[in-house]
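Colleague: Given chain A, put chain B in place with the hints provided.
Going down the list, the protein sequences come from chains A and B.
UniProt numbering numbers the first residue of the first sequence as 1 and each following residue consecutively.
UniProt numbering numbers the first residue of the second sequence as 1 and each following residue consecutively.
Simulated from the structure, these hints should not be mistaken for lab results.
Hints should not be assumed to be uniformly reliable.
[To be verified] Pair by pair, the computed Cβ-Cβ distance ranges are:
| # | chain 1 | residue 1 | chain 2 | residue 2 | range |
| --- | --- | --- | --- | --- | --- |
| 1 | A | Arg187 | B | Gly188 | 51 to 57 Å |
| 2 | B | Ala248 | A | Asp211 | 18 to 24 Å |
| 3 | B | Pro39 | A | Thr42 | 35 to 41 Å |
| 4 | B | Asp228 | A | Gly63 | 30 to 36 Å |
| 5 | A | Arg45 | B | Arg178 | 33 to 39 Å |
| 6 | A | Thr28 | B | His250 | 20 to 26 Å |
| 7 | B | Asp228 | A | Pro234 | 56 to 62 Å |
| 8 | A | Asp62 | B | Ala248 | 19 to 25 Å |
| 9 | A | Ser30 | B | Ala248 | 40 to 46 Å |
| 10 | A | Ala52 | B | Arg245 | 46 to 52 Å |
| 11 | A | Asp62 | B | Gly168 | 48 to 54 Å |
| 12 | B | Ala152 | A | Gly188 | 56 to 62 Å |
We put the CB at the ideal spot given by N, CA and C, even for glycine.
Protein chains: 2
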Amino acid sequence: MDARRPPTAAGKVMAILDAFAPGDVRLTLSEICRRACLPPSTGHRLVGELTAGGFLERTPDDGTYRIGTRLWRIGSRAPAVSGLRELALPHMEDLYEATHDNVQLAVLGDGRALFVERLRGRRSVPVVTRVGSDLPLHATGAGKVLLAHAPADVREAVLAAPLTRHTGSTLTDPDELRRDLAAVRRRGYATTRDEMTVGASSVGVPVRDRDGTVVAALSLVARTRGADPRRLLPPLATAARALSRDLAAHWHADGDITPPLPPDAD
Amino acid sequence: MDARRPPTAAGKVMAILDAFAPGDVRLTLSEICRRACLPPSTGHRLVGELTAGGFLERTPDDGTYRIGTRLWRIGSRAPAVSGLRELALPHMEDLYEATHDNVQLAVLGDGRALFVERLRGRRSVPVVTRVGSDLPLHATGAGKVLLAHAPADVREAVLAAPLTRHTGSTLTDPDELRRDLAAVRRRGYATTRDEMTVGASSVGVPVRDRDGTVVAALSLVARTRGADPRRLLPPLATAARALSRDLAAHWHADGDITPPLPPDAD
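Chain A with its partners taken away, still in its complex shape (with noise of 0.2 Å):
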């Protein structure tokens, strides 16, 4: 959709939920205008509804707003998100007790690493990689697995563009990261050293589906000083794997889950 010009009434809709994508907590009505490209009175009427169902919700202090709970329900439903991370919840507690480090579940969305879910190492490097946002593909253990296995085409354009650079040691040559790309595919793993936030790195491995296709990546992040991968890779790798099986049997790529899950339980 190009959200600089909404073509319809759906269009300025989802333009004006689109203008909290970034991240952004709160906004104000300007701003969410702005955003979406809608005149005042459009963006106040659009907004007031969308506040009025509950798909946004309107801070009493300040008057600005932000995601509706509602909201936040119905996207909790989609299935190629739940399903991949129903599946992976059990295996990320397991490594979780395991290394006590920070668990990261991630995919590939946008030309980026969407991190799905996450487990945080309380007594590991402070990661508050939330579930929900992006982080880029070339930076990230998470990252260099997906950008390693997509098609060419998705790979040739991340390195076709600019690499930001984080730190110092962020990959920002496009041949130096396509060398290091060649040895995640060999070495069945990618490695992260200071490269998005110094202090902080990580290892991360692909899971596959029953078609052995990578669909995400399982990452570990770590303190530098202990991010040994001789360390972390045994029971990241280890884990990965009993997904994949879990993946292979119980997964499709539309996102279902089968066999279907009992009804809910208190």
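Modeller: This is chain B only, laid out in the frame that chain A set:
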């Protein structure tokens, strides 16, 4: 919003997305139109626009529609949920490690217990409360806590409506439930025993903000045979108090967390 007669363009869009709220993974175009009370022509056009924008996704094999990853991502930014989840997760992880039972966090939503996060006890009773799903207040441990501390009008509305019997043990008599809720307030915790699902029992405790207002419920769900409150309550109450302290220090009713979170780290 009155989904039976979408008043406006935004209302129609919300009605289409609301069609997925009951938790259906995928719907046909005609099912969406039926639920959204839209003529096929209008529904077809709007669904097409929402699909083009990534808010909906079309299943390749059968042409049904499902919630798109883009909508999931925007929804995941709902601060009322994400802020609470962010602060709760470390405490839920501790509780999981201490008990290996199902750890759940719920808030009050539309007269139901809305589950915003949960960790799965693999070696415990199978529970598929999924993030974003809701369960009845009167038959779940977390729900009883939320109901016991809900505004009187909300509580009376739930007590006045028919109380669904999920098992032979579900409390369906309003007076009996009212007495149980009074005990929940007096004791500081709620219990269920086979009331939602035979074989599963739970203990729930309140999570309070800095004003002492109950803003969420933390619960453990275990096999009825092993669900002894004397075992489950101490770690649960400890984690809930620790989370309440974090909320008092860092959480605002509008969902913001202070101090602001540091930038994303790999």
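Colleague: Next, verify each hint and record whether it holds.
Modeller: Evaluated hints:
1. A:Arg187 with B:Gly188: 51 to 57 Å: holds, 53 Å
2. B:Ala248 with A:Asp211: 18 to 24 Å: Between B:Ala248 and A:Asp211, where Cβ atoms are some 50 Å apart, the hint is violated.
3. B:Pro39 with A:Thr42: 35 to 41 Å: Once the Cβ atoms are compared, 24 Å apart, the range 35 to 41 Å for A:Thr42 and B:Pro39 is violated.
4. B:Asp228 with A:Gly63: 30 to 36 Å: Cβ of B:Asp228 to Cβ of A:Gly63: about 49 Å, so the range 30 to 36 Å is violated.
5. A:Arg45 with B:Arg178: 33 to 39 Å: violated, 44 Å
6. A:Thr28 with B:His250: 20 to 26 Å: Once the Cβ atoms are compared, 24 Å apart, the range 20 to 26 Å for B:His250 and A:Thr28 holds.
7. B:Asp228 with A:Pro234: 56 to 62 Å: violated, 37 Å
8. A:Asp62 with B:Ala248: 19 to 25 Å: Holds - the Cβ-Cβ distance for A:Asp62 and B:Ala248, about 21 Å, lies within 19 to 25 Å.
9. A:Ser30 with B:Ala248: 40 to 46 Å: About 33 Å separates the Cβ atoms of A:Ser30 and B:Ala248, which means 40 to 46 Å is violated.
10. A:Ala52 with B:Arg245: 46 to 52 Å: At 36 Å between Cβs, range violated.
11. A:Asp62 with B:Gly168: 48 to 54 Å: Holds - the Cβ-Cβ distance for A:Asp62 and B:Gly168, about 51 Å, lies within 48 to 54 Å.
12. B:Ala152 with A:Gly188: 56 to 62 Å: Holds: the Cβ-Cβ distance is about 59 Å, inside 56 to 62 Å.
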